[in-house]
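Enquirer: Line order of the protein sequences matches chains A and B. Numbering of the first sequence is given in the UniProt record's numbering, commencing with residue 1 and proceeding in unit increments. Numbering of the second sequence is given in the UniProt record's numbering, commencing with residue 1 and proceeding in unit increments.
Hints were generated in silico from the structure; no laboratory data involved. Note that CB positions come from ideal geometry on N, CA and C, so glycine has one too. Don't take each hint at face value.
As the list claims (entries may be wrong) - Pairs of lysine-lysine, BS3-like flavour, derived with a Cα cap of 30 Å:
#1 B:Lys133 / B:Lys76
#2 B:Lys76 / B:Lys4
#3 B:Lys36 / A:Lys23
#4 B:Lys205 / B:Lys130
#5 B:Lys154 / A:Lys138
#6 A:Lys23 / A:Lys76
#7 A:Lys4 / A:Lys76
#8 A:Lys78 / A:Lys23
#9 B:Lys78 / A:Lys76
#10 B:Lys78 / B:Lys4
#11 A:Lys23 / A:Lys138
#12 B:Lys205 / B:Lys154
#13 B:Lys4 / A:Lys154
#14 A:Lys138 / B:Lys76
#15 B:Lys122 / B:Lys205
#16 A:Lys23 / A:Lys206
#17 A:Lys4 / A:Lys206
#18 B:Lys122 / A:Lys130
#19 B:Lys23 / A:Lys78
#20 B:Lys133 / A:Lys130
#21 A:Lys133 / B:Lys76
#22 B:Lys130 / B:Lys154
#23 B:Lys78 / A:Lys78
#24 A:Lys130 / B:Lys130
#25 B:Lys76 / A:Lys78
#26 A:Lys130 / B:Lys138
#27 A:Lys76 / B:Lys36
#28 B:Lys138 / A:Lys122
#29 B:Lys4 / A:Lys133
#30 A:Lys36 / B:Lys154
#31 B:Lys189 / A:Lys133
Said to hold, decoys possible - Which residues of chain A face chain B? A few of them, derived with a C-beta cut under 10 Å, are:
#32 Ala52
#33 Val89
#34 Val125
#35 Arg149
Number of protein chains: 2
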Amino acid sequence: MVVKVYGGAYGSPKRVIACFIEKEIEYDVVHIDLFKGENTTPHYLNLQPFGALPVIQDGDYTLYESRAIIRYYAEKYKSQGTELLGRTVEERGLVEQWLEVEAHNFQPPLYDLVIHVLFDGKEGVIPDEKRIKEDEEKLARVLDVYEQRLSTSKYLAGDSFSLADLSHLPFGHYLVTSLGREYMIRDRKHVSRWWDDISSRPSWKKVLQLHPYVF
Amino acid sequence: MVVKVYGGAYGSPKRVIACFIEKEIEYDVVHIDLFKGENTTPHYLNLQPFGALPVIQDGDYTLYESRAIIRYYAEKYKSQGTELLGRTVEERGLVEQWLEVEAHNFQPPLYDLVIHVLFDGKEGVIPDEKRIKEDEEKLARVLDVYEQRLSTSKYLAGDSFSLADLSHLPFGHYLVTSLGREYMIRDRKHVSRWWDDISSRPSWKKVLQLHPYVF
């Protein structure tokens, strides 16, 4: 049974696809065009009632929220492909902690930057410079904590690559590409080393090659 | 070894304490006064570098982010107290999905309401009525999805109480008390039935009795 994942051209579904490649799970992408409102059709809302990406269908099992999906597959295929949840319950605790930090501290200012820098620019809206500056400052403080953590730990949750690291790839990618803010990573020695490590994994390179960003 | 949990008078640490009571885990609360900035001392930042609540210390194991902590203890003590993670990997997947929905859809507009209604009121700031209205509308749309889900499912993730339900208690409580918006629950038959069920659990009653809200 090949898993169907909806919306591979966007950021969050890439979190799921990177996990599938690491875990050697076969998948098919179902294209969704947000600009055409394909996430608000009755069919899509029946799968994902909030109209958000991604959702997966695996036989008759449907699951949404990218970080829930990656946890599910990392646990279901624990002994297949890369171990992504830690080897002990204590290691998994730290994976969970840094997954939450990614979701609540790292992603929000970055997502806001994507909206206010990339979308507003495209739509001809005058960018809200005050808000952009606040987002940059928030993100800088978060990356300062990462710099400290990564000065004593190879990866966020410990000495092995995990879901916690993987989860940073889809939005971290905007920082070093279309947002033009790679310096925020390069100015921090350990963050820079970590980013090079995780973004050069064959799984992430394959995601970028097979499923390019729509913007 | 008794687990220490920091900041029991506030919302998010109550998520952890409710889990401890369900799992029959002994704990001690370390008081933190946010209004005195006790979350920004070098000692606290050494435990939780973002200055957020809660953090736990369990021997030499330190963990932060409330939803990471509850996952850790629900897994570590799987066969003790209430089962909170589902019985199968598929059930756990749905617990994870609804935990993410709570974190990304339910909590943000509610947290914003707490800030703009309760804090602004206290501090003599004129409440931002436009923002309050937007938060209410966002939350109403989320609760409409819950109403649909709970019309066919006893609890959010299935037929058993889980972390997904528990995680709604600390901020849902504001809705029916100091925010004065209990009607948002009562106007929805199935949400109302679910809220009565989860908020009348002995664990939550004990949390409220032992660790009253500071505001």
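Enquirer: Could you work out which of the previously given hints the structure breaks and list their numbers from low to high?
Expert: Violated hints (numbers, rising): 1, 3, 4, 5, 11, 14, 21, 22, 27, 29, 30, 31 and 34; every other hint is consistent with the structure.
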